[in-house]
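Engineer: All letters in the sequence shown, in the order written, are residues 1 to 348 by the working numbering.
Quick caveat, the hints were computed from the structure, so don't treat them as lab data.
A couple of the hints might just be wrong.
[As the list claims (entries may be wrong)] FRET-style restraints, in silico, Cβ to Cβ:
no. : residue 1 : residue 2 : range
1   : S13       : K341      : 41 to 47 Å
2   : G114      : G196      : 46 to 52 Å
3   : F254      : S165      : 46 to 52 Å
4   : D259      : G23       : 39 to 45 Å
5   : L333      : G196      : 39 to 45 Å
6   : A53       : H336      : 24 to 30 Å
7   : V250      : A330      : 17 to 23 Å
8   : F105      : D200      : 41 to 47 Å
9   : F254      : I225      : 24 to 30 Å
10  : G111      : G196      : 35 to 41 Å
11  : N148      : L333      : 46 to 52 Å
[Unchecked claim] Below, computed lysine-lysine pairings styled on BS3-like, alpha-carbon distance capped at 30 Å:
no. : residue 1 : residue 2
12  : K341      : K294
13  : K190      : K169
14  : K205      : K169
15  : K205      : K190
A virtual CB, placed ideally from N, CA and C, is assigned to each residue, including glycine.
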Amino acid sequence: MVQSSPFAISNNSVARLMLQVIGATVPGAFALLVFFGWGVVFNLLTCAFVALATEAAIFKLRGRKITEGLIDYSALLTAILLGLSLPPLAPWWVATIGTLFAIVFAKHLYGGLGYNPFNPAMAGYVLLLISFPVAMTSWLPPQELALNVAGFGDSSSLYFLEQDSLGNKVQFYQQGIDGFTMATPLDQIKTATNAGFILDEIASKPIFNGWQNVGWQWVNLSFLIGGLYLLARGFIRWHIPVSFLLTVFVVSGFLHTYDNTQFASPLFHLFSGATMLGAFFIATDPVSACTTDKGRLMFGMGAGFILVMIRSFGGYPDAIAFAVLLMNMAAPLIDHYTQPKVYGAHYD
1 MVQSSPFAIS
11 NNSVARLMLQ
21 VIGATVPGAF
31 ALLVFFGWGV
41 VFNLLTCAFV
51 ALATEAAIFK
61 LRGRKITEGL
71 IDYSALLTAI
81 LLGLSLPPLA
91 PWWVATIGTL
101 FAIVFAKHLY
111 GGLGYNPFNP
121 AMAGYVLLLI
131 SFPVAMTSWL
141 PPQELALNVA
151 GFGDSSSLYF
161 LEQDSLGNKV
171 QFYQQGIDGF
181 TMATPLDQIK
191 TATNAGFILD
201 EIASKPIFNG
211 WQNVGWQWVN
221 LSFLIGGLYL
231 LARGFIRWHI
241 PVSFLLTVFV
251 VSGFLHTYDN
261 TQFASPLFHL
271 FSGATMLGAF
281 FIATDPVSAC
291 TTDKGRLMFG
301 MGAGFILVMI
311 RSFGGYPDAI
321 AFAVLLMNMA
331 APLIDHYTQP
341 KVYGAHYD
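Whole structure, please, built from the sequences with the hints as guidance.
Structural biologist: Okay, structure coming up:
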């Protein structure tokens, strides 16, 4: 049988890519579970259920086969990324609202997969952060520093009923070993420096442990492992994560050199908050990020710069979502001016 080219066969598909990215989040998700408890699992399950149900309903309303919207796993990946970003014991309705917004408004309002200009998971996250700031900043201390640790039963009661079997609220479990309510390292830095403390004084708090960031360092290392797997297998390109992390390192290093009493070190920024999750799993979204090699480098640099600026001077301790969404807005323009020349074409 005579056949036309191309003769190369590729095993890549949208579903395979999405499943590989989901699988690469497992080390980071496990680290979150170990350090912050069962609320991580509840967030992931709630987001996944709402995302798949919403995706199926929308495809039904559009008169398309429901399986078309489910077998590419794009909605599931959006749910996983959003679930990993939420505080472990934020109420169930927080995850539900964020996921609904991500799937309905940030994805299907623009036409569905391949047409959305913004990262759906981060659009849902920003909606929640602006609408419910208290719930979205109610992170628990790492379990080894927690004064009270919620088991599976208490975690489920707190998640679905907003109180445990004894009537305690989530604030009861936010207390650290020193008896005070603890926050993430980025929260601590933001609050303490605004109150006039210097970094050496802030580092004495248990959660920093000599700037090792109890819990968060291992969470970021786990997402780094997953990200390196995706790079090694060729499921993502190196341009965005490398330029993003390098920019975070350089810009935060410059600020730290300028004033090491107020601005945290580059290693602190790299292994705090959602830095590695953002670098390898969020900023690399193939739909909403840039598509040219030069554009990807500029995209990563821009997101890294915005991240450090907001962390250092803005009102939010972490800023992955804002950095990525702002660069999503710039992606079409960047792609327009970084298109490579067509082979054989001549430009004056």
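Engineer: Going back to the hint list, which numbers does this structure go against?
Structural biologist: Hint check: 1, 6 and 10 fail, others pass.
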